[in-house]
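Chains as they are written, first to last, in numbering that gives the first Met the number 0: chain A, 0 to 407; chain B, 0 to 407.
Treat the hints as calculated values from the structure; they're not laboratory data.
Quick reminder that beta carbons are idealized off the backbone N, C-alpha and C, glycines included.
Heads up, a few of these hints could be off.
Claimed, not checked - Cβ-to-Cβ under 7 Å is the rule here; a few derived chain A residues that face chain B:
| no. | residue |
| --- | --- |
| 1 | A168 |
| 2 | D189 |
| 3 | G201 |
To be verified - Which chain B residues stay away from chain A? Per the calculated CB distances, all over 10 Å, these:
| no. | residue |
| --- | --- |
| 4 | R15 |
| 5 | T23 |
| 6 | H117 |
| 7 | A129 |
| 8 | S273 |
| 9 | K283 |
| 10 | S345 |
| 11 | E346 |
| 12 | R370 |
| 13 | E389 |
2 protein chains.
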Amino acid sequence: MKFFRVVSLDDALAHRGRFEVVGTEQLALGAAFGRVLAADFVSPEDLPGFRRSIVDGFAVQAASTFGASETAPALVDVLGSVSMGAATDLRVGRGQAARIPTGGMLPGGADAVVMIEHTEALDEDSVEIARAVAPGQNVVEPSDDVAMGAVLLRRGRVLRAADIGLLAALGATGVSVFRRPRVAILSTGDEVMPLGAELGPGQVRDVNAWTLSAMVEAAGGVPIRRGIVADDEGALLDAARGALQVADMVLISGGSSVGTRDLTIDTLEALPDSEVLLHGVAIKPGKPTILARVGGAAVWGLPGHVTSAMVVFEALVRAFVERIGGVQDGLLRPTRAARISRDLPSEHGRVDFVRVRLEERDGAWWAAPLRGGSALIRTMVQADGLVRIERDTEGLREGEVVQVQLWR
Amino acid sequence: MKFFRVVSLDDALAHRGRFEVVGTEQLALGAAFGRVLAADFVSPEDLPGFRRSIVDGFAVQAASTFGASETAPALVDVLGSVSMGAATDLRVGRGQAARIPTGGMLPGGADAVVMIEHTEALDEDSVEIARAVAPGQNVVEPSDDVAMGAVLLRRGRVLRAADIGLLAALGATGVSVFRRPRVAILSTGDEVMPLGAELGPGQVRDVNAWTLSAMVEAAGGVPIRRGIVADDEGALLDAARGALQVADMVLISGGSSVGTRDLTIDTLEALPDSEVLLHGVAIKPGKPTILARVGGAAVWGLPGHVTSAMVVFEALVRAFVERIGGVQDGLLRPTRAARISRDLPSEHGRVDFVRVRLEERDGAWWAAPLRGGSALIRTMVQADGLVRIERDTEGLREGEVVQVQLWR
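This is chain A alone, in the form it adopts within the complex:
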């Protein structure tokens, strides 16, 4: 067995900085939701761009309403109506008004809008105003909302629905985003068979590749399943080289025996322009994780048990996919506060990740650690997420409140 130099999770994460961000692509706005902005978005214009009413009512000079009240309303002449989406020729002077809908453009001369609820029409041409308005009241001035030149969205932001709306408001028909990182996935193991195959004795299907594919998708990457490789250094070397041709990152997983792990590290060391950055991380599960930098790309050796590989992906690999995908201002990681349902001892010096199922009892959330080892595939669909036990603690006490990191 090869020598492990175990590093902390934080030290492992710090290697992110050694990997470059992928290139960019131009997308139509309709395809940009959830993608990562590749350049600051600077407003090309003022918004709204014109003086706009935010209520249905009457555009006036505020001075025309001074002192107006229910008992002593101000009487003004109605010149006509403002139409939506058009400038008006009307010019409102002292003692005059124009009907205006929400969103309508203020006529010349007007500096405020009286809400229709505070008026009473006497006839077509005159209205009583029962409440005074101040200059600017119920009006949005040009650039009150957005000023031309303002930086509205930062490079590296994962675009949300509201961002798409803002981009549309400012006429951005397209947007420059980082392309999705391509992540090649290799499975090792003489016992591993492809999905459609009939299984012989002692054989299993390629669970890891399919699970990791979906996790790559969830992290914003494009999974590229490159198939199954026999437990043979030459075959794994060829497969890794081929994967590096088409991908920005490579995940190797599948074998859970010591022999397979040694094979992976030997292969990574044998690749040209390769530097093994870490071999062993102080987390549980996931200690035998390997990371190499091969010609600029991250190549991972992940634990063979799929349940452990999922934890390592969530705790570590995901951050690297986001790094090369250009994410700076990501979505807040979904969490849920819950009480842990039983004592969970842990060891100093490593971070434990415990898979839990969330259960609601009497309106409170409880996080129930899953029983059954990492060899049981069934348990993976029962877990709603992970509870993290920090390295400097002795574990969690029943009833303690934890933040469950939800996964998809």
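Fit chain B to the given chain A structure using the hints.
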């Protein structure tokens, strides 16, 4: 202005049951992540399907190790090695052992595995065992993990990464899912212009359609932008009819004036086979929301201010998209516990939704309500989510802990 009969949010949500779930489609497993399972998944076989070692070590009859200890190890003969992914001809008797890797298939006769760490090889053909094992120890029996016929995933489940892995483990090359609900989006308003247009005085771009499109995507639907309709009943009637031909649900938004709202309700009433289910919901913002059932499809009239339309979508429409999309066991809605940063009074009898920005101060999360009215588009990109103030409360006190519903 039309008569409003305002109903509670819960009563509004209860109308979900009046809409049918969409049809199904068959997908390859690689396309199924995040989709909604259309039928219970019943395991077609046992898993692992064979007696499997969960450690690297020696397969033995447990009886051969009884009484073994560091000081009095048991000596056994090594018959050979089990290969991964294959049955072996070896047959392990009393006082015998076979080398076995993690995941290997137990040879005949063996009923337990001794971890390699608890053994010492004397030569090629014999090994000392320093710890006794019980029958079944370090072994997964067939169906220990999954038994044939077990219901593993329920209809209506949003497929997670682990689910994809489980389906792969059991040889499911494809899966039946509900198709994504098609949601047509119409914008009304003479002032609203398409994204690429040069704006004239008083005109604005179609923010609502683009924002709602992304929210439909986030809810698992397929947005179909059907363009902008002038404030004219005939035009809106034609546009709504056209939208109903291609979609399972229709969202009408854009006008924020009373006139536009009246136009929407008149149009909905004029559509054939139409029943207005609600016109007014006791929420803020979003009170003037309209829902009709037209020939089986939900047709919504949403508030004109995009910031309000977003809240109504999140609080109400989203649940209907999920309903017709077949979602039963959805992903847990992401929330974050935070302290509210200032007093927020509210009125009895309605549910308030307040847009907040999350801020981390000294390791604690604070939810800062956004200032600036719903007319300001800028505020929409500042909000990380919504805080809900229940109808029977008088509001929130500064420092009170709330659950922020995060949005994408």
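Hints not upheld, ascending by number
none
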